[in-house]
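Chemist: First to last, the protein sequences are chains A and B. If you're matching positions, the first sequence starts at 14 in this note's numbering and goes up one per residue. If you're matching positions, the second sequence starts at 7 in this note's numbering and goes up one per residue.
Hints are computed from structural coordinates only; laboratory data are not their basis.
Listed next, with one range per pair, are the computed distances between beta-carbon atoms:
no.: 1; chain 1: B; residue 1: E64; chain 2: A; residue 2: G231; range: 31 to 37 angstroms
no.: 2; chain 1: B; residue 1: I118; chain 2: A; residue 2: G415; range: 50 to 56 angstroms
no.: 3; chain 1: A; residue 1: P135; chain 2: B; residue 2: D138; range: 30 to 36 angstroms
no.: 4; chain 1: B; residue 1: V166; chain 2: A; residue 2: G307; range: 54 to 60 angstroms
no.: 5; chain 1: B; residue 1: G184; chain 2: A; residue 2: G299; range: 55 to 61 angstroms
no.: 6; chain 1: A; residue 1: A75; chain 2: B; residue 2: P250; range: 25 to 31 angstroms
no.: 7; chain 1: A; residue 1: G415; chain 2: B; residue 2: D180; range: 30 to 36 angstroms
no.: 8; chain 1: A; residue 1: G307; chain 2: B; residue 2: T198; range: 46 to 52 angstroms
no.: 9; chain 1: A; residue 1: G226; chain 2: B; residue 2: R245; range: 40 to 46 angstroms
no.: 10; chain 1: B; residue 1: E153; chain 2: A; residue 2: A411; range: 25 to 31 angstroms
no.: 11; chain 1: B; residue 1: E153; chain 2: A; residue 2: G299; range: 41 to 47 angstroms
no.: 12; chain 1: B; residue 1: E64; chain 2: A; residue 2: D366; range: 42 to 48 angstroms
no.: 13; chain 1: A; residue 1: G61; chain 2: B; residue 2: R200; range: 45 to 51 angstroms
Covered stretches of chain B, going by a simulated chain A footprint (3 or more residues, C-beta under 8 angstroms):
no.: 14; region: 57 to 70
no.: 15; region: 148 to 155
no.: 16; region: 293 to 304
Keep in mind that this is a model prediction, so the values were computed, not measured. Glycine included, C-beta positions come from ideal geometry on N, C-alpha and C.
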Amino acid sequence: MRGRARWLVVLGLVAPWVDGCGSERAATVELSPEVSGDALCVWAYGDGERVFARSYDREEGALPAGSLTFVAGERVSEDVVVAARVLRGGAVVAEGAARIAFGDGLVSVDLPVARCQPADAPPVGGTRGVFAEPPARMEAADVDGDGLDELVAWTGGALHVLTPAGPSATSRVAVTGPDGLRVSAAADFDRDCGLELVAVGDDQVRLVSAPEGDAALGEPAAAGARDAHPGAPTRAASLVLAGATGLTLVPRGGEATRTVDGSFEALGVGDLDGDGIDDVVASGAGGTRAFLGGDALTERPDALPPRVAAAAGPLRLADLDGDGALDLAVADGSGVRVAVNRGDGLLEERGGDAPPTLATAIGALRAGDVDGDCRDELVALAADGSARVLRLTGDGLADVPGEWPTARDAAVATVAEGRRALVWLTPEGEVVEVAP
Amino acid sequence: MRPRVRARGVLVPAVAAALAWGATTARPARAQPDAVDASREAAGAARLVDEGRRHYRELSYLDAIDVLRRALATPGIDEAQRVEALEVLGASYVVLDRDDEAREAFEALFAIDPYHVVREPSGSPKIARFVDRVRADLVPDAALDPEVTLRAELPRAGRVGAETTVRVHASPPDRVYGVRLFVRGTEVAVWTDRALERAEPGVWRLRLPPSERADELELYAVGRDEADRVVARAGSPLRPLVLPIRLASEDPLHERWWLWAAIGGGAAVVAIVLTIALVATSGARAPPGTLPPGRVELP
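Pulled out of the complex, with its shape left as it was, chain A reads as follows (with noise of 0.2 angstroms):
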């Protein structure tokens, strides 16, 4: 009791004269990767920038979990975003993000870093930009990190980026090149947080870095491609290159190296055995073939039933029955063909006994999960405009009810806070938000 008095009465004498005796504003994160991966990547964005910025690499097997303490600064005073994605050969394979609203004491938030994140706000629908000039094809990726995706496409000999803001936004110019590029993927090769993109062309691939500010297209990283994506197949962070000569892979700062013979038009690259190595489906005029990840890429006929195995269309692996190993859609003409992965990499039909199809040919497949339920949802696109948006039930592919527009491409954004959507890009070059 007495040295509580006394105590109190120090604090008492001396509290007016401690500097910032005002409470700290704080916020403590806490950061679970669920998914395996080489990197973990955090960063906070406030003010209209990057603020805050780390990766931490897997140690001892796993990646870190744990946590950091924001605390408030004088431009960061109200609110902030804290993301992260857990890397894998550079591609992202999981991410999380959050705004955090300061309040008179410490905060604290737990931000998972999944596959899958919960999108709880209802789809509002409408026009949310234009692209300055009308391309055809566009990707969604959140480059500049403020945990809302952004759409990027390549037209017209420029890179243009898209906040898909409201009716008003249109697209800026990032960066210029070459004509006849097109954005394949984005990537964080370099570990910085930041998003680099991959742009393919008939006559060569280039990485664009910093796409959110000061972009700049870096020199040829291979002499053409139709399809690129990132991964760590060879168990190094590379570029793998589908083309009319094979599959090419290009490691970060390496030599380009032909691995597979063959004619591919389109590829996926993602972990189908569980085993933490990237493997490798890629599909083109013989067909689709299966690549486990390893030493070197090998063929595993026996992983794909012989439908599948049959075509010859784009591709798209996709989580379809939410048990979080990737599954395959290929397109087979102007059908969809499906195979469930059963979680060990051998992938069996479940498209059921008709497959849907389009009026014509399927000339892009495109995947993400709309709805928050951790099953990715289906946007299969035909060359005359015409779409179908499917979900996998236990009877197979079902369509998801709604009004499609004609499109040239579609994909799954995060558009506001809770709201992942699927965006429409329109022959005129219009994004447009619709509700399923």
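The hints should help you fit chain B onto chain A, whose structure is shown.
Modeler: Leaving out everything else, chain B in the frame of chain A:
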């Protein structure tokens, strides 16, 4: 409710031999007659477990199995190391489709700690499902959910003779219906458990009774869902959280408390008011996080 753990099937000879050898020769470190030998043996086991992990990461599953079986047979291996070894051993067997041996390894693991969260480095869904199946057979009240987390908020130290408040944060709050804290002191082998009271949604609180002497408490918390199944833990019996209980600092001036009181005099009342205001409006310096750099001062 105690978890139900039962033997199932016949031990595969190799695993059985390794476990039997370890079980008959291993002793808790504090019971070893020669502490130096025990320490050396434990270090040897740790090296073998690390080597097994390395082989596993490099996909050399047969080498991993060989090394981990030797680790399990090492005299002096403690239970935490045994769990680590069994975890990787079981995963290696699953990868090689040696399901019987994998089941034996995971059964042995769950016999030690029924709610141990198996952390397989690659995140293989196949292995996760296998582990879930084995656990479901053995531990019916386990419903560990990676989406549910418990985080214990402990003071840096408690004081002898004073209550110590422990808080446990559950996320998401609606998934945890009850939390119990398991505690034991340095010289006590048995865990004592107490129920926490819900202070607010997602926050559970317990005031530990005053300790009569300096101690180093080991603790872990167990969260259960509405069906009384274990969904998450903070700490574990093998990797407990630690809370030192310290003597109040000796102060040479404490005998002259009346002097302070006299100096403070009438200011005491003002001080109390100021202190209450400060406590109400100003938190202490926010604690750093556990990942480097701990604190991020935003611009």
